[in-house]
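Engineer: Protein chains in written order, with the working numbering: chain A, 1 to 221; chain B, 1 to 221; chain C, 1 to 221; chain D, 1 to 221.
None of these hints come from the bench; they were simulated from the model. Just so it is clear, the structure is predicted and the values come from calculations on it, not from any experiment. No residue lacks a Cβ here, since even glycine has one placed at the ideal position from N, Cα and C. Hints should not be assumed to be uniformly reliable.
Derived contacts from chain C toward chain B, CB cut-off under 7 Å, selection only [claimed, not checked]: (1) Ala29; (2) Gly30; (3) Ser124; (4) Ala183; (5) Asp187.
Straight-line Cα separation of at most 20 Å, EDC-like style, residue types lysine to aspartate or glutamate; simulated pairs [unchecked claim]: (6) C:Lys84 <-> C:Asp20; (7) C:Lys84 <-> C:Asp44; (8) A:Lys84 <-> C:Glu66; (9) C:Lys84 <-> A:Glu66; (10) B:Lys84 <-> B:Asp44; (11) B:Lys84 <-> B:Asp99; (12) A:Lys84 <-> A:Glu66; (13) D:Lys84 <-> B:Glu66; (14) A:Lys84 <-> A:Asp20; (15) B:Lys84 <-> B:Glu167; (16) D:Lys84 <-> D:Glu66; (17) B:Lys84 <-> D:Asp99.
Stretch by stretch, here's where chain D covers chain C in the computed footprint (C-beta under 8 Å, at least three residues) [stated by the list, open to error]: (18) 151-157; (19) 166-175.
Each chain, letter by letter, is given below.
Protein chains: 4
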Amino acid sequence: MSFCQGLWQANQALYQRTLDHPFNRELAAGSLSVERFRHYMIQDAHYLVAYGRALAVAAAKADQAEGVVQFANAANEAVVEERKLHDGFMRDFGISAQDFATTPLTPACHHYTSFLLANSWSESYPVALAGLLPCFWIYAEVGRDIHARSQPGNPYQAWVDTYASEEFHAAVRAVIATIDRVADAADSATRTRMAEAYRYSAELEWMFWDSAYQESNWPTR
Amino acid sequence: MSFCQGLWQANQALYQRTLDHPFNRELAAGSLSVERFRHYMIQDAHYLVAYGRALAVAAAKADQAEGVVQFANAANEAVVEERKLHDGFMRDFGISAQDFATTPLTPACHHYTSFLLANSWSESYPVALAGLLPCFWIYAEVGRDIHARSQPGNPYQAWVDTYASEEFHAAVRAVIATIDRVADAADSATRTRMAEAYRYSAELEWMFWDSAYQESNWPTR
Amino acid sequence: MSFCQGLWQANQALYQRTLDHPFNRELAAGSLSVERFRHYMIQDAHYLVAYGRALAVAAAKADQAEGVVQFANAANEAVVEERKLHDGFMRDFGISAQDFATTPLTPACHHYTSFLLANSWSESYPVALAGLLPCFWIYAEVGRDIHARSQPGNPYQAWVDTYASEEFHAAVRAVIATIDRVADAADSATRTRMAEAYRYSAELEWMFWDSAYQESNWPTR
Amino acid sequence: MSFCQGLWQANQALYQRTLDHPFNRELAAGSLSVERFRHYMIQDAHYLVAYGRALAVAAAKADQAEGVVQFANAANEAVVEERKLHDGFMRDFGISAQDFATTPLTPACHHYTSFLLANSWSESYPVALAGLLPCFWIYAEVGRDIHARSQPGNPYQAWVDTYASEEFHAAVRAVIATIDRVADAADSATRTRMAEAYRYSAELEWMFWDSAYQESNWPTR
């Protein structure tokens, strides 16, 4: 079993809970409220820019020149996706540029992006990558599941279709391959840190969806 | 009004809510449950090590050699405090080294420490310092308030007394002086970022106390 | 006069010395020894990977999402250029993959790349960008000059032609525009640091060419 | 043989060249020109502040809380030493605060400090430490050698005596112990990077002394 397969298996129960989360079930069924979807999209856009920054830091730490290319491109892609959201889904769902600009990060989004940035900046390359993996991998698998379950006439069908993009799945497989390679060469303390970083991100991924469903906000505001 | 006084005033309502939080009121009254205090102490110890790391990054970015000394010493102090907790209050309240080692960071502690690390690593020196300020300043002021209100026979009196340490208050004044100096020299976009970083930390400070009171844990475990 | 134009003017004499350097004069004349050109190409390839890493760090620090895209793409481009060298000019001039792998960085290349990395990691976004500018700008201008002066039958003509690429010049103009924008918003201490970082890189750029001409190596080996 | 002993042995020839360098021989004999000593002291002061910054970054990356304390203290010590130079030896040898402030870093000092900062910021904790080791260890050993050889009436005797400080040697032993521990736990690619970082710093240490002896400056000024 490869290192990444081991991570997947160790976090299988959390993945199942993620699939079963009402946000994802209702998105597939097409019954998710528009408010929750809007909340999610805005936070997703905030998230993607921070994700791009964390990927750029990982690019800078790559052990091989190929990794600089791989993660600089991923950083670029993350922000390009964010730009597309504004001109596509956000417009379709009535979120103006100003709505976006004046909606702050929720605690869940701020927590997840803070962790990704902290982890990419302060940890070694393998650990940085492990923290970045769930957003690629869990997102791709949840997306595939939602796409397969999506009901006819789903108002979110265009969004759900983006999950099935072969280009995205190919990128995910390439990231997994890089992480397996660096994990195989890493010492055991590093592999333990990698598993911890992956776990934190997988949990924060669940909390991100849950926060969108709860439409949570700062208790301090 | 100095830059830091401006920050304080802008966040006055949140400070008042922090003073009024049941955790702090009950700590002053001596009625806080031992479980909540234990929970708090363990998270505080986790927090201090991360705070020391974030301070060390700020030291590395200091605009003047004096700042390297100021924040390298603060980093050292944070971890020395953490060491003292283990040999002092933790022992007194029956928390073994193993209890501590096996108690993971709560979401509130993980969120706050992730933010401090992300902010110190990725932002400029003035913004890094602004994020580090609430833990110095709000903590000192809340402590002074609790110390003043503490009831006779308070089982937490020894802990409450540490808040009154003149050495700690002198360090806080010196940090404020440094931040006022760098804020005065900074451009307006930087001052805006400083205010945002301060606000986030002030909110996460409140959420840290609230989490201890709620004895919160990961919804994903 | 824009901020970047001011930098250019302040360093005009050094630019003139760079144009007049025998390495560049002989490259234009076609009289440069193959050994010196080989030495240069190998160090250039080493340089480009480090330059890509430094650009990726700058991308992570960008004040706007557009900057993440701009510098993540530049990071990608730098390493893509390095890859092309191996399959193109290096092959044409008889440098095998093994020749490259076993040729260490010279002191000049190690000095310049160390500075770029140190500056990108430890300084604020505007200062990081200013350190990265000379390699874009001076290189483009020196290249334009060499291209204009190149003699018929120049054995380095294919190399010299790459300097004239409109795509490269467009990228340089976009970088200058970003730097002018952030410099305009920056405080005066930051602008002073920007000028220092630019100056160091401009000097290290000259020393890089001079080192190739001298075929310099470590005095300690 | 411990990891660090292995590093020492692999770089034995360079160490011998460092001992034999005219700067060190003349310092021991008391025949070094005052100009060369002044040049050295000024660059040493510049160096120490950057060294303190690089140590602070290493502190932030420490794998254990003890390492945060160890290297935050070392960062503090480096700058405290720099402060002492100004009030002690610099005054004794007629270097005013303004002389110092207006003397820029030489290429050798700029190269070495850029490398230390780049290495501490961009590399993992073990590699960061390995780059910081030569300044502790080689300096301590060279100092012991010079102290043993110093001639009666040496005008630099007070300076030479600082090398013999048991406090400094104890700190060096503690750093070696930490590096041996992390090297023992590290994978082989990390140990290779550690050896490379150590080698670069050892070479830059020699070049720093050589530059002082040559009273070198920027060829671009």
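Engineer: Evaluate each hint against the coordinates.
Structural biologist: Results for each hint:
Here the hint on alanine 29 (chain C) is broken, as its CB sits about 46 Å from the closest CB of chain B, past 7 Å. Against a cut-off of 7 Å between C-beta atoms, the interface hint on glycine 30 (chain C) is violated, since the closest Cβ of chain B lies about 47 Å away. Annotation: serine 124 (chain C) was flagged as interfacial toward chain B, and the flag holds, the nearest CB pair being 4 Å apart, inside 7 Å. For the restraint placing alanine 183 (chain C) at the interface with chain B, the shortest Cβ-Cβ distance is roughly 10 Å, beyond the 7 Å limit, so the hint is violated.
Hint status for aspartate 187 (chain C): holds, given a least beta-carbon distance of 4 Å to chain B, under 7 Å. Of the supplied pair hints, the one linking lysine 84 (chain C) and aspartate 20 (chain C) is violated, its CA atoms being roughly 28 Å apart against a limit of 20 Å. Our distance criterion of 20 Å between C-alpha atoms is met by lysine 84 (chain C) and aspartate 44 (chain C), whose separation comes to about 12 Å. Between the alpha carbons of lysine 84 (chain A) and glutamate 66 (chain C) the distance comes to roughly 13 Å, so the proposed pair stays at or under 20 Å and holds.
Under the criterion of a C-alpha separation no larger than 20 Å, the hint pairing lysine 84 (chain C) with glutamate 66 (chain A) is consistent with the structure, at around 13 Å. Distance check on the hinted pair: lysine 84 (chain B) and aspartate 44 (chain B) sit about 12 Å apart at the alpha-carbon level, within 20 Å; holds. Only pairs whose Cα atoms come within 20 Å are accepted, and lysine 84 (chain B) paired with aspartate 99 (chain B) is accepted, the gap being roughly 16 Å. Between lysine 84 (chain A) and glutamate 66 (chain A), the direct Cα distance comes to roughly 27 Å. Violation of the 20 Å bound is thereby established for this hinted pair.
For the proposed pair lysine 84 (chain D) and glutamate 66 (chain B), the alpha carbon gap of about 13 Å is at most 20 Å, so the pair holds. Between the alpha carbons of lysine 84 (chain A) and aspartate 20 (chain A) the distance comes to roughly 28 Å, so the proposed pair goes past 20 Å and is violated. Our distance criterion of 20 Å between C-alpha atoms is met by lysine 84 (chain B) and glutamate 167 (chain B), whose separation comes to about 16 Å. Between lysine 84 (chain D) and glutamate 66 (chain D) the CA atoms are separated by roughly 27 Å; this puts the pair beyond 20 Å, and the hint is violated.
Simply put, lysine 84 (chain B) and aspartate 99 (chain D) have alpha-carbon atoms about 45 Å apart, too far for the 20 Å limit, and the pair is violated. A count of 0 residues in the region 151-157 of chain C with a Cβ less than 8 Å from any Cβ of chain D is obtained; the coverage claim is therefore unmet, three being the minimum. Counting residues of the region 166-175 of chain C whose C-beta sits closer than 8 Å to any C-beta of chain D gives 0, which falls short of three, so the coverage hint is violated.
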